[in-house]
Every structure is written in structure tokens, then in C-alpha cells.
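K.L.:
Working from the sequences, and respecting the hints, build out all of it.
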Amino acid sequence: MKRLRWPLFLTVSLVLTAIFGYGFVSAYSDVVNPPKRAVLTPTKEEPVKKGGTYVALGDSLTRGVGASNGNSYAAIVGRDLVKDNTVERFQNLAVSGARTEDLLKQLEQKEVLRSIKQAKVISVTIGGNDLFNRGEGVANFNAKKTAETVTTAQANLKKTFSILREQNPDAVIFYVGLYNPFRATENGEAFDAIVQDWNAKSRTLGIEYDVEIIDTFNLVRDVKRDLSSDQFHPNDSTYEEIAKASLLAVNKRF
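According to the numbering used here, the sequence shown is numbered sequentially starting from -7.
Each hint should be verified, as a subset may be incorrect.
In silico DSS-like links for lysine-lysine, alpha-carbon gap of 27 Å or less [unchecked claim]:
{"no.": "1", "residue 1": "75", "residue 2": "150"}
{"no.": "2", "residue 1": "75", "residue 2": "193"}
{"no.": "3", "residue 1": "137", "residue 2": "151"}
{"no.": "4", "residue 1": "109", "residue 2": "150"}
{"no.": "5", "residue 1": "137", "residue 2": "97"}
{"no.": "6", "residue 1": "244", "residue 2": "109"}
Label pairs and their calculated CB-CB ranges [said to hold, decoys possible]:
{"no.": "7", "residue 1": "161", "residue 2": "132", "range": "15 to 25 Å"}
{"no.": "8", "residue 1": "136", "residue 2": "76", "range": "27 to 37 Å"}
{"no.": "9", "residue 1": "136", "residue 2": "61", "range": "40 to 50 Å"}
{"no.": "10", "residue 1": "223", "residue 2": "63", "range": "36 to 46 Å"}
{"no.": "11", "residue 1": "221", "residue 2": "137", "range": "22 to 32 Å"}
Keep in mind that the hints were calculated from the coordinates and are not lab data.
No residue lacks a Cβ here, since even glycine has one placed at the ideal position from N, Cα and C.
P.N.:
Shown next, in the form of C-alpha cells:
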């Protein structure tokens, strides 16, 4: 019986020695040549993407007529918004001489509606050509006819705001109100009252459709000082003032 135990003991000893030796060699190898750890490369954050467009609609004020360098308030606002990464680009769709009905027709165009849907900021100047009829309404002033014009044009403005908001519920929309370029004329005071009434009605629409209304009435107090040589459109300085007021209204929304 003792003879059987001795070989068994020897075999077990050899096995344990082999296991111990393997463990020692493995441990030594890990110390001398430690296994490489997976290096986790931090993921790069995606840069903030600029999105959307500033779309300017309207008439000659948006086109920049009267500015020595052709820069309208819209062009100034556009440069600032692009520079600050608020929008990606500026698109001027205004048409000089446009009236409210002209703008409504423009808003029927598929390309224009596509731009509206993609816009982050939208501005509008319209109504001056309706009220002043390119100066003819001043020379042949008729209170009753002017009142009818205001009623029709305001209805068109309401439709304009409605379309813009329906096409783009999230955009910041602002409307540049009217000033009176004919204060120095015989019917200057009458037109003061008409313009102020127009602006008041526009503010009411602005509340209804979430449209910022930019007050320009007090920016044109002196025709020679504040308007261009045609004494109808803003000069460089007044365009800059309109742009400042517009940017204040837009930036508070972001």
C-alpha cells in the first residue's frame, strides 16, 4: 500500500510544480511585458451647425434704394446675422415698387414658399407704395380714398402675416413699420395721422401672428436730414438706424 502512495504522491507533486511554474512565468511575463490596454480615443464633438436663412421680403426699402452703397437695412442685418452664426445666409427677395397685393402674388410662387419654409429669420417692408402711391396720393390727397386704401392694404398685410406664419411657425418674423416722408408738404399732418394709424393696426396684427414690429416713424423727423436725395427713401444713416432696431428685435429671440 505504501508503494502505491509514493508514485501517486510523486505524480501530484510534479503536476503542482508544473502549474506553479507556468503561473510564475506568466506573471513574470505580464510584469516585464504588460499587456497593451485599449486606448479610448475621445470622440470629437460635432461643430455647431449654422442653420437657416434670413429671407427679406418687400419693396424698395429692403432693396436699399436711397443708400449710397446700395445697402438696405436688410443687407446690414443679414451681414450681422451671418457673422454671428445666427443664420447661414441672407436672401433678398424684395421688389422695388411692390405693393401689398404684389407681395401676396409673390408668396404664391413655389420657390419663394420654399425659401420661407427654410428661413430662420424673415423680414417684411410693405405698405408705403399703397399709401403714398409713389407720391401721387400726396399730390392728390383724398381722405376717403386714402382710408379705403388703408383698409384694403391692411387686409393684405394680414394675409401676408398669416401665410408667413402658416408656412413657418418657428421663424422670427419682423415687419418694418412706415414713416412719413411728406411731413414738409401741405398734407403732412394728415399723413402723419394716417401713418400712425397704419402702424397701430400693424402692431395689432403683429400680436396676432407673433411678428415683431419695428417702429421707424420717429426715425424720420427731418426730411432733409433723414432721407436720401429723392426725399422718399432712407439715407445711409437712417438705414443703419432701422437695422439697429431690427437687430435688437431679432437678437432678443435667440
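K.L.:
Against each hint, give a clear statement of whether it holds in the structure.
P.N.:
Hint check results:
1. 75 - 150: violated (32 Å)
2. 75 - 193: Judged against 27 Å, a Cα distance of about 34 Å means the pair is violated.
3. 137 - 151: holds (21 Å)
4. 109 - 150: holds (18 Å)
5. 137 - 97: Given that 27 Å is the threshold and the Cα spacing comes to 23 Å, the pair holds.
6. 244 - 109: holds (21 Å)
7. 161 - 132: 15 to 25 Å: 42 Å Cβ-Cβ, so the 15 to 25 Å window is violated.
8. 136 - 76: 27 to 37 Å: Given about 48 Å between the Cβ atoms, the range is violated.
9. 136 - 61: 40 to 50 Å: holds (41 Å)
10. 223 - 63: 36 to 46 Å: Hint violated: Cβ distance 19 Å, outside 36 to 46 Å.
11. 221 - 137: 22 to 32 Å: holds (29 Å)
Hint compliance for this structure: hints 1, 2, 7, 8 and 10 are broken, all remaining hints hold.
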